[in-house]
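Chain A is already provided as a structure; the job is to place chain B with the ligand on it using the hints.
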Amino acid sequence: MAELNLVQAINLALAQEMERDDRVMILGEDVGLNGGVFRVTDGLQKRFGEDRVVDTPLAESGILGTSIGLAINGMRPVPEIQFEGFLGPAYDQIVHHAGRMRTRTRGAVTVPMTVRVPVGGGIHAPELHSDSPEAIYSHHVGLKVVMPSTPYDAKGLLLAAIRDPDPVMFFEPKRVYRSYKEEVPEDDYTVEIGKAKIVSEGDDVTVITWGATVFQALAALDELPEDVSVELIDMRTIYPMDEDTIVESVMKTGRCVIAHEAARTAGMGAEIATILQEKCFLHLEAPVQRVTGFDTVMPYYKLENHYLPEAPRIKEAIEQVLAY
Amino acid sequence: MPRKVAYKTQIEHLQILDENGKLDAKLAKEQGKHLLSDEQVQQSYEHMTICRQYDEVAFKLQRSGRMGTFPQNKGQEAVAIGSALAARKGQDWLVSAYRENAALFMHGLPMHYVLTYWMGDERGSKIPEGVKITPLSVPIGTHMLHATGIAWAAKIRKEDSVALTYFGDGATSEGDFHEAANFAGVLKVPCIFICQNNSWAISVPREKQTASETFAQKALAYGMPTIQVDGNDLFAMYAATRQAHERARKGEGPSFIEAVTYRLADHTTADDASRYRDPKDLDAWKAKDPLIRLRKYLESKDLWTDEQQEALEAKAKAIVQEVVKTAEEMPKPDITDIFDYTFEELPESLRVQRDTMRTTSLGQDPEQAGLGARAAH
Ligand SMILES: Cc1ncc(C[n+]2csc(CCOP(=O)(O)OP(=O)(O)O)c2C)c(N)n1
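Chains A and B are the protein sequences, given in the same order. Going by the numbering used here, the first sequence opens with residue 1, and the numbers climb by one from there. Going by the numbering used here, the second sequence opens with residue 1, and the numbers climb by one from there.
Only pairs whose alpha carbons sit at most 35 Å apart, straight line, appear in this in silico DSBU-like list of lysine-lysine: (1) K89/B x K302/A; (2) K208/B x K46/A; (3) K74/B x K29/B.
To be clear, the hints were calculated from the coordinates, so they are not data collected in a lab. Nothing here was measured: the structure is a model prediction, and the numbers come from that model.
The shape of chain B in the complex, shown without the other chains:
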């Protein structure tokens, strides 16, 4: 038998809106009714601007000691918003990591929650009723399995719901990522894997993260359609997610999207990227900022003026200021909060710990320590 090719494929890269804010007419036409409307683009741009302001204010809060560590979302807003726009609020699930605030806000998470969370307050992790998201996920690479499970349940229960899960390039190195993708492929569940390839996992560049040329091709091993997208292009992100979403709803199983973007800030406020990153790279990517690109697009269509920009900036400031105020003015959590959610019903020993705030037994429960018996003598 001669050798033959057992498998052959290629990875497509999609960009619809280029770095100068120019739309590819042919690709745009292809999108047909799925092309973002002017109104959607305008709203997205506004949302992005507000989220950028949020990010910058959060950074300042950390620097002035009013908040703990914070991972900035700066530069990656188009991934979050483009994909979240393609999902249905309150119906589809967002299973995110921690760099997708814009998507979470769109789907109903009150903006002050994320600040509350990074201010070291458990209440920031509470998910309001009807909001279909999971809490921010600190351990890298473990939450995609939940997305697969959520989508699996939707399939079993014949629910019209899709799970979108976000993760970084670094996360694809963890075993759990491969298990999540494999299960999703085998079980054909309605799940969309969105890899935010922002070039870095803290100080480790993508070349040290994987020897494969794209992250998108990892999905091939799990039998799912996959595409690489310009992650700073709102249109491409939307289109790719839209397609994956349709496939998922038709019962055709999971899809993978590699969103190529860049972290315009340090990894978190505890990090100093100048130790490992070439400032030239950063500058090059600053020029590809999704906000700049979108504004150029809107301007080229006469949909945006300097006055509108000014008004939007003022609005963003006001909104974020209000959000910060809400977060900062929350009364300090009750100490008993530490205990109350451990179980539906607190075991006796935990109740004693809560009511006495002690772990010693002397003095907290005299009987238990034998003091009662002694006192009786």
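Chain A with its partners taken away, still in its complex shape:
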């Protein structure tokens, strides 16, 4: 078993699935010869040819609109959008067509495509290269929204996404791309979409997070006194949400901190807090707390760390719900 980073794990998943299923194809800007701006598709065009790994014109609506057509007519497209900020031009295709096609046609026409998009901040990128759009696409119906934080999960979730009969937004936290390695099996395995992962078990407080913030939460845990026992949950899938895992955990701990990079208002933290309030109100020992980005533009990189929910802010929130 090889130790891979997130980029390598996704590349491996793509290669193996293209090998296994010749309906799978990759399309996007610079994904071919260049291997994508993050090199996630590196070497795939060489291996599978220009018909299966396609450098398209620079047009996100074009890429996702044609992917919908490809999917309708028997292919399994895995389009790449270079940065989340450039989903904008394709928004209409995603939310008004991909997400609704099954419903509109009463199941006669479906859109099995997986849209891969690097997301999130923390890499000193220019503006519009650091946002976290998971709440937006979770709010729109008919889309599954996945965000792995580790190479192992990324491979398993990507295979599950490509095989999923419905459209999946596959968000890759770019801050983790090359910062973390772990063993990733060569075997064909999937990680179920819609299942959260308990990263560490604990009794005093539940910390719920996903994407790059998982690593911030882990760092926060390291800073806490040893006798504080934290249950850390990596959601992995944002929609559909694994309510059972979070509810069960908060029933046990009675306290919860939710951390995510996206802005606070109408972020997924709001949704999770509501679920907890509905399902384990009588078990709560403290108000559920959020540590999130501010309700502002994600600042250019000189100030981005003030915006991101970094470890110290998560730690402080944990201390506060414990002291409540």
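Coordinates of chain B with the ligand only, in the frame set by chain A:
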């Protein structure tokens, strides 16, 4: 009814100054009073040299970790300067992408702003009063619509103002480009579309970007005059923009210019063009460098000496050094800067976030979290 031709046209290519710095006498004469004066050429050459130095220093700043990603302008200076020379500073609008520094500087953007911007500081996006430009545009292909709108407003308000918008060859693939051009054509607004065809959109060559033979012909679909220009030729860029500008001011509507040029650097400092580009192509284009061409021209007219060149290089270095210093010595932005420009007046919840720098409610506002009530018990 027999078949007949419904539409027929051709695309003209304009070059006035050739690759050896030789001016086409007949074409030059045609320009009449619109031909660039010696003084203008000299000034342009100086400006180009300074911008080239700026570009190279910016690249080094990135490589030494003093700046974030930077898109070099190298090789494309004649497009920016030739067109910007034809526009009136403070009166016409420049709606640019991110590879037209030279034009923005000419029209009043302080040089350190662009560095500040790529250093990850919002203040680099602030437009000084009286400068008629829009901020650098990162999303590809979306800003041309703004140019159409700006020109539309000028028309409605009977303002004597023209909007020039710059974009790459790749940008013509985005739907917004077609919407901008279509609106401009239909509404007959004073807008000039300047396509910087530098052969590449990151790793994608023009043949994979479009099946049409020229970018210029795309404008035909929107009913506007269009021309292909040697984008490394300052004279041709100036002449074509000048013409489009006159047309716009006369109320004859938008025009399109395809400037054929070449990106002499990587797409940005995050890119490695050697992965996809043939070094032979690059070398061939290096020989067509607009700076070399202009210098040859000036020398052939005895308007330029080695001493002048030396002095200019020293001057360029000094200017850019000063600009870098200004950018680097700016005090770190205030954290509250993140909030202050979100709205004219901050909503209460945002004010709380700013004043406490928190998104949790516990501890930031005891009442809100119920702590006040508890404390009272
Ligand atoms: C909407 C959008 N999609 C993708 C990108 C990523 N991207 C940045 S520059 C670029 C290529 C642009 O090519 P072109 O328009 O020809 O301009 P050039 O950079 O060559 O001057 C791409 C794909 C982006 N910034 N915006």
